[in-house]
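Can you make the complete structure from the sequences, with help from the hints?
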Amino acid sequence: MAATHTVSAFDAELNALKTKVLRMGGIAEANVAAAVQAVMRRDKALAERTITSDQRIDVFDSEISELVTRLLALRQPMAIDLRFIVGTLKIATDLERIGDYAKNIAKRTTAIGTAVPTQPMHAIPRMGEMVLSMVKDVLDALSNEDVEKAVAVRDRDAILDELYNSVFRELLTYMMEDPRTITGCTHLLFIAKNLERIGDHATNMAEAVYYIVTGNRMYNDRPKADVTAEITDPSQIA
Amino acid sequence: MTTLDFTTHTVPLDGKAKISAKNVNLWYGEKQALHNINLEVGENQVTALIGPSGCGKSTFLRCLNRMNDTITSCRIQGDIRIDGDDIYAQALDVVHLRARVGMVFQKPNPFPKSIFENVAYGPRLHGLAESKDHMEHIVKSSLERAGLWKEVSDRLQSPGTGLSGGQQQRLCIARAIAVSPEVILMDEPCSALDPIATAKIEELIDELRENFTIAIVTHSMQQAARVSQRTAFFHLGVLVENGPTEGIFTNPVDKRTQDYVTGRFG
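First to last, the sequence lines map onto chains U and Y. Per our numbering, numbering of the first sequence is gapless, rising by one per residue and ending at 238. Per our numbering, numbering of the second sequence is gapless, rising by one per residue and ending at 1266.
Please keep in mind that the hints were generated in silico from the structure rather than gathered at the bench. There's no promise every hint is true.
Simulated coverage check for chain U against chain Y, where a stretch passes if three residues somewhere in it have a Cβ under 8 Å from a Cβ of chain Y [stated by the list, open to error]:
1) 4-16
2) 68-79
To give a feel for the contact side, a few chain U residues facing chain Y, derived at Cβ under 8 Å [unchecked claim]:
3) Leu82
4) Arg83
5) Gly215
Derived DEER-like restraints, expressed as beta-carbon distance ranges [unchecked claim]:
6) Y/Gln1222 - U/Ala158: 38 to 44 Å
7) U/Leu22 - Y/Gly1015: 41 to 47 Å
8) Y/Lys1022 - U/Arg70: 44 to 50 Å
9) Y/Leu1128 - U/Ala9: 52 to 58 Å
10) Y/Lys1107 - U/Gln76: 24 to 30 Å
11) U/Glu66 - Y/Glu1136: 53 to 59 Å
Beta carbons: idealized from backbone N, C-alpha and C, even for Gly.
What follows is the structure, encoded as structure tokens:
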């Protein structure tokens, strides 16, 4: 953010805000990774740790809200400062949601049971990797004010949605073939949906980074590829 | 010495220009205070002129009713028109110009006369009132439009200097609008006032915009953001950026504007 302010305390506060958001992002990213791993390995201890860790994210979220409120009241920020402060508040909200989804995934570790077809289980870590790279890249984009990286994150969301659609179809097929898998498959479906939602929040964050850096809204409409909301008849999925 | 950056970023005016300044250069003796200013002031809009001290914003404002004529060392070049009339034309009557273009200053400066006389002075000078009743009507409506009538209606014969600072400034605004100007220039009208009096003036500015075109110089960026539709940022005698107020304060184009509005000027 180029030159320093005449009032140096303002710079210190802006840096503190940035550090907080990036640290919060780091924890959210780690929790998503841990949650996916816990599910894949049925690792209850890791799941527990991930669930507890979400509290740290919530603490960061409220600290960031307070800091933002104080900065708006006391510094009356303008231009890039205003965009950065408002943008980080939105990003913190997205990270808080991402944390909640990670927690929700971790919670399913025990509930998922053993009667789960192995094939869709491979798609979950693939989605997990993709989502993690999106979250990581958007945090890098924020850290380095990198607009291109932010746009690339937004563009990857469509691929993630495709992946989710195929997992959705696949799980429906398994459930129809063998009703005993319904419980496990439903949990997997929720996990896949949670990962897909994390991708949407990463996209929101990418849009916020874009606005912070350029002052403009990301021009194109977000590519939307989740069509599962339109699937009603199981015969369609064949 | 660093070389001056003469770049100006202008978002064209959306609507009719009341004042149009083209290629305005101004010198105080040897020192050039304004460099090739091109600026349009939109009709029935508030245009805020902002910038650090000595940037030329007040100098430019004072060009608009030829207040700089009184400074002997001052030399001005360029073209300034109000509704297409060249205000620096040989034949132009400066007294008449200043009736068209009123001014409100930093410190409230009521005449050492009664409240009534402060407002009646201009209309009387310009022969605007046809009768005593008409004059009373002008004084009352001017005070009403300046939001002061309710506070002073029972003491019109008291001295204007006996009012509070904020009331005095509104009296000066009433005095300015009593001669039915087209344009009102304000040079930091709130810098000597408390926040409540400032809020009243700002509210008034917003109301006056319906009937007048307003150009205001202010050191408070928050005030510029609150009252104006367009903002012009001056720096070292150069008009750096000029466009809708929202854009100047959320997404300025020029780095100098960005540095100034975010408080980064050393």
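Task: Outcome for the supplied range 38 to 44 Å, where the beta carbon pair is Y/Gln1222 and U/Ala158 - done: Given about 42 Å between the Cβ atoms, the range holds.
Task: chain Y over the region 4-16 of chain U, status - at least 3 residues with CB closer than 8 Å - done: holds (count 5)
Task: Supplied distance hint 52 to 58 Å, evaluated on CB atoms of Y/Leu1128 and U/Ala9 - done: 54 Å, holds
- [ ] Check the following: the C-beta atoms of Y/Lys1022 and U/Arg70 are separated by a distance inside 44 to 50 Å.
- [x] 46 Å, holds
Open item on the list: A range of 24 to 30 Å was offered for this pair. Does it hold for the Cβ distance of Y/Lys1107 and U/Gln76?
Closed with: Hint holds: Cβ distance 25 Å, inside 24 to 30 Å.
- [ ] Using 8 Å as the Cβ threshold, decide whether U/Arg83 counts as touching chain Y.
- [x] 7 Å, holds
Task: Whether chain Y covers the region 68-79 of chain U (at least 3 residues having a Cβ closer than 8 Å to its Cβ atoms) - done: holds (count 4)
Open item on the list: Within 53 to 59 Å: is that where the Cβ-Cβ distance between U/Glu66 and Y/Glu1136 falls?
Closed with: 57 Å, holds
- [ ] Report holds or violated for the interface hint on U/Gly215, using the least CB-CB distance to chain Y and a cut-off of 8 Å.
- [x] Holds, about 3 Å.
Task: Distance restraint evaluation - U/Leu22, Y/Gly1015, Cβ atoms, bounds 41 to 47 Å - done: About 45 Å separates the Cβ atoms of U/Leu22 and Y/Gly1015, which means 41 to 47 Å holds.
TODO: Tell me if U/Leu82 is really an interface residue toward chain Y, meaning its C-beta lies closer than 8 Å to one of theirs.
DONE: 6 Å, holds
Comparing the model with each numbered hint stated earlier shows that all of them hold.
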